[in-house]
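J.: We have chain A already, so just place chains B, C, D, E and F with the ligands on it with the hints.
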Amino acid sequence: MKRLDLIFSERELQAILNTLEKANVPGYTVMKHATGRGPERVVTEDMEFTGLGANAHVIVFCEQEIIEKMREDIRSVLSYYGGVAYISEATPL
Amino acid sequence: MKRLDLIFSERELQAILNTLEKANVPGYTVMKHATGRGPERVVTEDMEFTGLGANAHVIVFCEQEIIEKMREDIRSVLSYYGGVAYISEATPL
Amino acid sequence: MKRLDLIFSERELQAILNTLEKANVPGYTVMKHATGRGPERVVTEDMEFTGLGANAHVIVFCEQEIIEKMREDIRSVLSYYGGVAYISEATPL
Amino acid sequence: MELNLLLQNIFAPTVLFFFIGVIAVLCKSDLEIPAPLPKLFSLYLLLAIGFKGGIGIQKSGLFNDQVLLTLSAAVVMSLLIPLLGFVILRLKFNVFNSAAIAAAYGSISAVTFISAESFLNSQSISSDGFMIGALALMESPAILVGLLLVKYAAPKDRPDSRKLHLGSILHESFLNGSVFLLLASLIIGFLTALSNPLAVEKMKPFTHSLFYGVECFFLLDMGMVAAQRLPSLKKAGSFLISFAILMPIFNALIGVLVARSLALDPGNALLFVVLCASASYLAVPAAMRMTVPEARSSYYISTTLGLTFPFNIVLGIPIYMSLVNKIIPTSPL
Amino acid sequence: MELNLLLQNIFAPTVLFFFIGVIAVLCKSDLEIPAPLPKLFSLYLLLAIGFKGGIGIQKSGLFNDQVLLTLSAAVVMSLLIPLLGFVILRLKFNVFNSAAIAAAYGSISAVTFISAESFLNSQSISSDGFMIGALALMESPAILVGLLLVKYAAPKDRPDSRKLHLGSILHESFLNGSVFLLLASLIIGFLTALSNPLAVEKMKPFTHSLFYGVECFFLLDMGMVAAQRLPSLKKAGSFLISFAILMPIFNALIGVLVARSLALDPGNALLFVVLCASASYLAVPAAMRMTVPEARSSYYISTTLGLTFPFNIVLGIPIYMSLVNKIIPTSPL
Amino acid sequence: MELNLLLQNIFAPTVLFFFIGVIAVLCKSDLEIPAPLPKLFSLYLLLAIGFKGGIGIQKSGLFNDQVLLTLSAAVVMSLLIPLLGFVILRLKFNVFNSAAIAAAYGSISAVTFISAESFLNSQSISSDGFMIGALALMESPAILVGLLLVKYAAPKDRPDSRKLHLGSILHESFLNGSVFLLLASLIIGFLTALSNPLAVEKMKPFTHSLFYGVECFFLLDMGMVAAQRLPSLKKAGSFLISFAILMPIFNALIGVLVARSLALDPGNALLFVVLCASASYLAVPAAMRMTVPEARSSYYISTTLGLTFPFNIVLGIPIYMSLVNKIIPTSPL
Ligand SMILES: Nc1ncnc2c1ncn2[C@@H]1O[C@H](COP(=O)(O)O)[C@@H](O)[C@H]1O
Ligand SMILES: Nc1ncnc2c1ncn2[C@@H]1O[C@H](COP(=O)(O)O)[C@@H](O)[C@H]1O
Ligand SMILES: Nc1ncnc2c1ncn2[C@@H]1O[C@H](COP(=O)(O)O)[C@@H](O)[C@H]1O
Ligand code: NA
Ligand code: NA
Ligand code: NA
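Protein chains in written order, with our numbering: chain A, 1 to 93; chain B, 1 to 93; chain C, 1 to 93; chain D, 1 to 333; chain E, 1 to 333; chain F, 1 to 333.
Here chain A stands alone, though its shape is the one from the complex (with noise of 0.2 Å):
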């Protein structure tokens, strides 16, 4: 199995998690009010009761086949919105 991390804007989320479950992943979790800087837009917690918001965090675990079928998808929401994903490997317990 495997972990995908994706960390993006809160204003995306609801792309992102189209983009979820279109692609019928088991499961997800999502944790908001992250806050972090990336190669050029810094997201700070004292910014978040405007407009912007802050960041969410959204954790996949799934097979290798589900990431492949939305990548494409995820990359064409983090490029143009900013953000980033990482893979890693997961054993159930």
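Hints listed in this document are in silico derivations from the structure and should not be mistaken for laboratory results. Be aware that a few hints might be false.
Derived DMTMM-like pairs (lysine to aspartate or glutamate); straight-line CA-CA distance at most 25 Å [stated by the list, open to error]:
1) A:2 - B:89
2) C:2 - A:68
3) C:2 - A:63
4) B:69 - A:21
5) D:39 - B:45
6) F:163 - C:72
7) D:234 - A:21
8) B:2 - A:21
9) E:204 - D:201
10) D:163 - B:40
11) D:28 - A:21
12) C:2 - B:21
13) A:2 - B:68
14) D:235 - A:21
15) F:235 - B:21
So the derived label-pair ranges between C-beta atoms look like this [said to hold, decoys possible]:
16) E:167 - A:40: 45 to 55 Å
17) B:71 - D:59: 55 to 65 Å
18) E:197 - D:242: 35 to 45 Å
19) A:40 - E:245: 22 to 32 Å
Bear in mind that the values here come from a model prediction, so they are computed numbers and not experimental data. Think of the CB as a built atom: it goes at the ideal place given N, C-alpha and C, for glycine as much as any other residue.
T.: Frame of chain A; chains B, C, D, E and F with the ligands shown alone:
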């Protein structure tokens, strides 16, 4: 060293932490207010004020043998209430 | 690519972020309001309003060489104030 | 039914804010009331309604016949309604889901009660503080019945680990956070009114003056929550959807007859009816999630929040009021 | 300029709390107002100002000539200012950044408006409720213009996936959370004042009495936010820094002339000028982040929050007041 | 001791809500006040008490002899008490823990002070606004002493990286978030009362009327927090447990003698005593966690929150009142 990720309803948190303590984990981290979707249940932020609560994400860095010790207990809690558990490799910095 | 997970008291956040910036990490993500237990300290949600604060969980995706650069600095902050740091493998999507 | 009452209810700020919340979701506005703000409002409302209730009870006196009779009737209703609901729900659902949903409809919704109070207020109809005692007493028995139904109706389906112990049943029924806060605030209000009238005055700006505004703010959020339940309501099927509307009306009918036989004033009668007709989304889900994980939480939460709650605060309350006006003579029997 | 006005403004608690926030950050105090508390204050202020505005409009009557003329002028200003700003910004920035920043300066800041109201209040100068209507109407058109500028001025730069559809432009302009909450509360206030004066009284402790205190609390936070923007302001460059001060003054000048030709009273005139001079940090960033991700958010957010907002509430308001006093005769033309 | 005072204190809503919080935890109710709501209440209370204090100081006049003497005595007490505490604690603990705990007991708890004010209020005993000045002035010196003790009493134990620089000691002592907010609000209150009485009136619904209710809400949370400390208190050992009760009483005794020699009125005397007897859980832990990580935070936080705070607000305040009544003659010496 291993990294164990547990995601489940906040309402089971005490049961899971008891299990961890029983197995003498060196430590653990809890992040509450996570939302998500599993095989059947959807957990959304807008429902957090009701009695259902959100999810908790628990991270444990520990040795494989500790994981073996608690495997059954964790599985039984998760099979009762729902939630997921995954193991991956981790090296101390 | 590597994934570095740092968990420590929110009060050390600035010191850790300075260390990351000094090593020129490409980015990082911060999740505050984490609680947990380490070898000796317990951090609970109900204490968050006091001066102690909760924990922060910082994730950095970066190359091994950057990790080498900051290893000593991070270790010295964590050995001073407490907290844990683990490295694992990660592949960009 | 008097259309007039309906219109007056719909133009109350509370109901208008509820609509606004619904519309925000339907129009996909990015309006958001992030957690834990709704929890803040909900805790505040429980604390304030409890405190006000305690003062009210102290004023009306606890040990007069009508008070004791009304409170007993309230408890009996919250024991009976879940049994009735269970029998109906078993036509379609397994024991776990039936018990959980039945418990929700036997228990009460504090915010529906509050809305009914506001409605009475706008109609200049008085009600008594002891009705908040009924509110507090009706939360737990329904949970108790629901869990006992699971314990005795489904003993063979469940593995050993899931056996319900009486201890944990009682714990879930009486020590649930919202039940506890409401009851405790009620007692504090009572004791304060008894021993310390000055402190009552000092609390009032917080518990009384602010109340209506916070209620509006919370109803804005409830409108958003209700609208977000709509998609999962569709999945629930037409049986459950009908149940979520017809069961409250049916309970209201029983309630109004009981209220008549108790010779309640119109104001108290409406509150009694609303308690019977409303369904819980705070205490019951919390208890069921812990002890009956086999029940689908979307069943009991989507119906109570997505359908029964909106129905009650928008249409139910004025309907019940005209029912009360018809069935209960204004001068006591 | 009357130094007196300036001093009186600076010694208002709202402005003092703002300074305290700035100082806390500059001194590296660990004072913190954690999320989502600022969101709570911001939602409250929008709800309350909207509700108060609705009551005000109901009282002043919507369909009198001056009201309609003023509201139309407000909309025209919020269409024109972004165009002007765009032309100036294009000297230095690409289409995306220019359009996003221009939209921010065409739109308004509700808290700046509220501060101006408090200032008027402290000067015992009256203003009318319908000006809150102008506030509500001026948020969206500027967003619309900004997005249309992107759509038509930069068609070839953008890949297909980034094509702006009119539907999503309208959605971002009119259904943004803060626009929606303000407008909805305004309508609820209006309807309540019309049909239910009792409910208005019940809302007042929440929407009226509490308002000034929450405003102070929020301005404490805004001071911290503004001071935290300072480092990224340096990166923005001197052109943008000058723009963030000069553009509001320029807009204020146009505004005061329009106000004069509308024969507005001094109070309403100041509010009109402040609407023209203020820049948005709620609705516009939300819309731009979604639809024009090419624009650097630090440009439009650092300038509006770090410079224009502080400038307006500390110096701008008294400056604009003395401008109004000079240019607009106290008895109508 | 007058049992009467004790009973009257225990039946105050504030104390009752505290008990409710304790009971909720002991009964394992799932009642929860999630973060950051307690922080909201805590920030509000500091802001409001500061603002009220500033108004009070402006009214009583800052530069009269008794005010200056009292404030100086307060500062001296908060320098001496940590030294005394340190000597006692060194019998059992290392330098780091001793200094950190001593600093906590030298500093003050604003909520204990507020509770004492409420108690005076319920007894119709007046007190002066300048006592809030004493509150604000007593937070920092104790931190300073604690950190200096670490710097000079433990120089050889610490590696270079942990050297305490005077700059950071001063920073932690005076720019801690809660110290800063209290002091800043005090100054704002003072300036506003001086220059802008209208604004004071506009603030009152927020800072004055709401105060008591928020205090109750916060004490509910404090009850839960205190009860959750109990398990770690057991680990702290009997020496520290005794210290957490006896030290406040001892400090109160010194305090009452100083108050007598200052010829304070009974109301001000009680507040002075309570400041001496209370221990910090906001400013001191924040400072110690940053600069003395060797000290076990559970020591200074479990004792202050789990024992000293409950003791003071439930038993301490009425005990100190009867002490004041005994030792201080009602007409000035
Ligand atoms: N190398 C990285 N490691 C961890 N998080 C990152 C990294 N780069 C970006 N992020 C996160 O992704 C968010 C969006 O980045 P950006 O693509 O710059 O908009 C940032 O705010 C960070 O929270
Ligand atoms: N495949 C998955 N990947 C990530 N998180 C998951 C996954 N499946 C379930 N979860 C999380 O576990 C929670 C409980 O799932 P459930 O077992 O359906 O109750 C969900 O709400 C998700 O937050
Ligand atoms: N083995 C572990 N696994 C996961 N989190 C840990 C572990 N040890 C410590 N932590 C986290 O690191 C924080 C600081 O630990 P400490 O070093 O004891 O101060 C704890 O509160 C936990 O959140
Ligand atoms: Na019911
Ligand atoms: Na503008
Ligand atoms: Na002290």
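J.: Next, verify each hint and record whether it holds.
T.: Against the structure, the hints:
With a CA separation close to 12 Å, the supplied pair residue 2 of chain A and residue 89 of chain B stays within the 25 Å bound. As the CA atoms of residue 2 of chain C and residue 68 of chain A are separated by approximately 21 Å, the hinted pair is consistent with the 25 Å bound. Distance hint between residue 2 of chain C and residue 63 of chain A is fulfilled; the C-alpha atoms sit about 21 Å from each other, no more than 25 Å. Between residue 69 of chain B and residue 21 of chain A the alpha-carbon distance is near 35 Å, which puts this suggested pair outside the 25 Å criterion.
A distance of roughly 11 Å separates the Cα atoms of residue 39 of chain D and residue 45 of chain B; the hinted pair therefore holds under the 25 Å criterion. Of the pairs offered as hints, the one joining residue 163 of chain F and residue 72 of chain C holds, with about 19 Å between alpha carbons and a cut-off of 25 Å not exceeded. Pair hint residue 234 of chain D plus residue 21 of chain A holds up; C-alpha atoms about 19 Å apart against a cutoff of 25 Å. Of the pairs offered as hints, the one joining residue 2 of chain B and residue 21 of chain A is violated, with about 30 Å between alpha carbons and a cut-off of 25 Å exceeded.
With a CA separation close to 19 Å, the supplied pair residue 204 of chain E and residue 201 of chain D stays within the 25 Å bound. At most 25 Å may separate the alpha-carbon atoms for a hinted pair to count; residue 163 of chain D and residue 40 of chain B meet this at roughly 23 Å. Note on residue 28 of chain D and residue 21 of chain A: the hinted pairing holds, with a Cα-Cα distance of about 19 Å set against a maximum of 25 Å. With a C-alpha separation of about 30 Å, the suggested pairing of residue 2 of chain C with residue 21 of chain B is violated against the 25 Å cut-off.
Restraint check for residue 2 of chain A and residue 68 of chain B: the C-alpha separation of about 21 Å stays at or below 25 Å, so the hint holds. A hinted pair counts as satisfied when its Cα atoms are at most 25 Å apart, and residue 235 of chain D with residue 21 of chain A qualifies at roughly 17 Å. For the hint linking residue 235 of chain F to residue 21 of chain B, the alpha-carbon distance of about 17 Å falls within 25 Å, and the restraint holds. The beta-carbon spacing between residue 167 of chain E and residue 40 of chain A, approximately 29 Å, falls outside the hinted interval of 45 to 55 Å.
For residue 71 of chain B paired with residue 59 of chain D, a C-beta distance near 59 Å keeps the hint of 55 to 65 Å intact. Judged by the Cβ atoms, the range 35 to 45 Å given for residue 197 of chain E and residue 242 of chain D holds: they are separated by roughly 40 Å. Between residue 40 of chain A and residue 245 of chain E the C-beta distance comes to about 26 Å, which sits within the given range of 22 to 32 Å.
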